[in-house]
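Just so you know, the sequences run in chain order A and B.
Its first residue numbered 64, the first sequence is counted upward by one per residue in my numbering.
Its first residue numbered 10, the second sequence is counted upward by one per residue in my numbering.
Certain hints may be false.
One-sided and incomplete, this derived list gives chain B residues near chain A with beta-carbon spacing under 7 Å [unchecked claim]: (1) 35; (2) 72; (3) 161; (4) 167.
Here are the simulated EDC-like pairs of lysine to aspartate or glutamate, each with C-alpha atoms no more than 20 Å apart in a straight line [said to hold, decoys possible]: (5) B:135 / B:53; (6) A:161 / A:106; (7) B:93 / B:129; (8) B:131 / B:53; (9) B:135 / A:90; (10) A:147 / B:129; (11) B:135 / A:92; (12) B:115 / A:99; (13) B:161 / A:124; (14) A:129 / A:166; (15) B:161 / A:92; (16) A:91 / B:159; (17) A:114 / B:53; (18) B:92 / A:92; (19) A:161 / A:113; (20) B:115 / A:113; (21) B:78 / A:139; (22) B:93 / B:43; (23) A:91 / B:134; (24) A:91 / B:129; (25) B:93 / A:106; (26) A:147 / B:159; (27) B:78 / A:107; (28) A:110 / A:139.
It is worth saying that the hints were derived from the structure and are not from the lab.
Beta carbons are placed, not taken as given, at the ideal position from N, Cα and C, and that holds for glycine.
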Amino acid sequence: MKKIIAMVLTLVMMFAICVPSFAATLDKDNQTGTVEINTLTTDETGKDAEKYSITIPASNEIPWGKEANTITYSVDAHLLYNHKLNVEVTNDGTNTMKFKPVEGKEFTLAYSLADASAQFGPVTTAEANFTVNVAADAWNTAVVGQYADTLTFTTSLVTA
Amino acid sequence: MKKIIATALALVMILAVSVPAFAVDINQGSVSKEANVDVKTSYDEQADTWYTVSIPADTSIPWNQAKAKDVSYQVACQLATGKKLQVTVTSQNGNSLNSTSGSNDKLSYAAAGFGAQTFEAKTGEKTILVAPSVPVTLTVSGWNSVPVGEYKDTLTYTVAVI
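Use the sequences and the hints to build the structure in full.
In structure tokens, the structure reads:
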């Protein structure tokens, strides 16, 4: 008995899923009807379709003495039509890379960021660049060593 | 005199309506003792034929759905001999879903079962409608090429007896 009930319920569920609902009946008095088809902004599981990702480099090494250093990251954005993706690259505000040869001793190397802010359209698959500029004077006056700083990538969605 | 004529005409009319027409008399003097009578049905095409076509409700397609969306109709009809029922499905936007945001973005789709499909004079029953031999479906592609949003088309279902 349970098997029969289970089978019946299964069939009912299958029909509930498979059969389209009918809204209007056409006959001699009503020979034309229309149906609107529209897309949702969520997928079949109900998940929001809007998505983006950026892939940033783990680390970048700058050759000693090189003034303009391009760093590349990739963007994959699929947004609502009136949304844009902002990507901003920042440092701690000091605009210096640090070199600590020994505990308590620190040297700095000044640099600046160019093209550190970028905005991407709702459908973008691209590579983007920004530049770490180290002036010749900075290189020439610095103690040779391995200087480092941390750059932070921040993303945000804005309504255009 | 007028009353007599009127009465006579009334009688003639009554007889014409109610009395079956006798074409052949068979009696003892008849050469042939048999005669044929044709029996046939009659119909009023306007009143006696019918058809019903159920069309789907407005429908939504989840974003990124790759499988075909069924927008089939169902049919039952009883028409005059030699007639067929034709159901035509057309797209307002030429088989594409247009952005409702005001942009020119479009999602095209592959249509199956659109255009005209015909059904025999006797198809289904009044309570048992049948689906067309080619299901009416649309399969949307190009989801990754357009901004996420609402895209829309209007399908028109038209019925004609041919």
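Checked hints:
Checking residue 35 of chain B against chain A: minimum C-beta separation of about 46 Å lies over 7 Å; hint violated. Hint status for residue 72 of chain B relative to chain A: holds, with the closest Cβ pair at about 4 Å, below 7 Å. Below 7 Å, beta-carbon pairs count as interface contacts, and residue 161 of chain B has one with chain A at about 4 Å; its hint therefore holds. The closest approach between the C-beta of residue 167 of chain B and any C-beta of chain A is roughly 5 Å, which is under the 7 Å cut-off, so the hint is satisfied.
With a CA separation close to 19 Å, the supplied pair residue 135 of chain B and residue 53 of chain B stays within the 20 Å bound. Restraint check: the Cα-Cα separation between residue 161 of chain A and residue 106 of chain A comes to about 47 Å, which exceeds 20 Å; the hinted pair is violated. Restraint check for residue 93 of chain B and residue 129 of chain B: the C-alpha separation of about 5 Å stays at or below 20 Å, so the hint holds. Of the pairs offered as hints, the one joining residue 131 of chain B and residue 53 of chain B holds, with about 16 Å between alpha carbons and a cut-off of 20 Å not exceeded.
Between the alpha carbons of residue 135 of chain B and residue 90 of chain A the distance comes to roughly 12 Å, so the proposed pair stays at or under 20 Å and holds. Of the supplied pair hints, the one linking residue 147 of chain A and residue 129 of chain B is violated, its CA atoms being roughly 55 Å apart against a limit of 20 Å. At most 20 Å may separate the alpha-carbon atoms for a hinted pair to count; residue 135 of chain B and residue 92 of chain A meet this at roughly 16 Å. Taken as a hint, the residue 115 of chain B and residue 99 of chain A pair is honoured in the structure, with Cα atoms around 15 Å apart against an allowance of 20 Å.
Simply put, residue 161 of chain B and residue 124 of chain A have alpha-carbon atoms about 50 Å apart, too far for the 20 Å limit, and the pair is violated. With a CA separation close to 28 Å, the supplied pair residue 129 of chain A and residue 166 of chain A exceeds the 20 Å bound. Proximity of residue 161 of chain B to residue 92 of chain A is assessed by CA-CA distance (about 28 Å); at most 20 Å being required, the pair is judged violated. The suggested pairing of residue 91 of chain A with residue 159 of chain B is violated, with an alpha-carbon distance near 34 Å, which exceeds 20 Å.
Straight-line distance between C-alpha atoms of residue 114 of chain A and residue 53 of chain B comes to about 62 Å, which puts the hinted pair past the 20 Å bound. Of the pairs offered as hints, the one joining residue 92 of chain B and residue 92 of chain A holds, with about 18 Å between alpha carbons and a cut-off of 20 Å not exceeded. Under the criterion of a C-alpha separation no larger than 20 Å, the hint pairing residue 161 of chain A with residue 113 of chain A is inconsistent with the structure, at around 39 Å. Between residue 115 of chain B and residue 113 of chain A the CA atoms are separated by roughly 17 Å; this keeps the pair inside 20 Å, and the hint holds.
A distance of roughly 28 Å separates the Cα atoms of residue 78 of chain B and residue 139 of chain A; the hinted pair therefore is violated under the 20 Å criterion. Of the supplied pair hints, the one linking residue 93 of chain B and residue 43 of chain B is violated, its CA atoms being roughly 41 Å apart against a limit of 20 Å. Simply put, residue 91 of chain A and residue 134 of chain B have alpha-carbon atoms about 16 Å apart, close enough for the 20 Å limit, and the pair holds. For the hint pairing residue 91 of chain A with residue 129 of chain B, the CA-to-CA distance comes to about 17 Å; that is within 20 Å, so the pair holds.
Restraint check for residue 93 of chain B and residue 106 of chain A: not satisfied, since their Cα atoms lie roughly 41 Å apart, outside the 20 Å limit. Annotation: proposed proximity of residue 147 of chain A to residue 159 of chain B holds, straight-line Cα distance about 17 Å (limit 20 Å). Using a Cα cut-off of 20 Å, the hinted pair residue 78 of chain B and residue 107 of chain A holds, with the two alpha carbons roughly 12 Å apart. About 18 Å separates the Cα atoms of residue 110 of chain A and residue 139 of chain A, which keeps this hinted pair within 20 Å; it holds.
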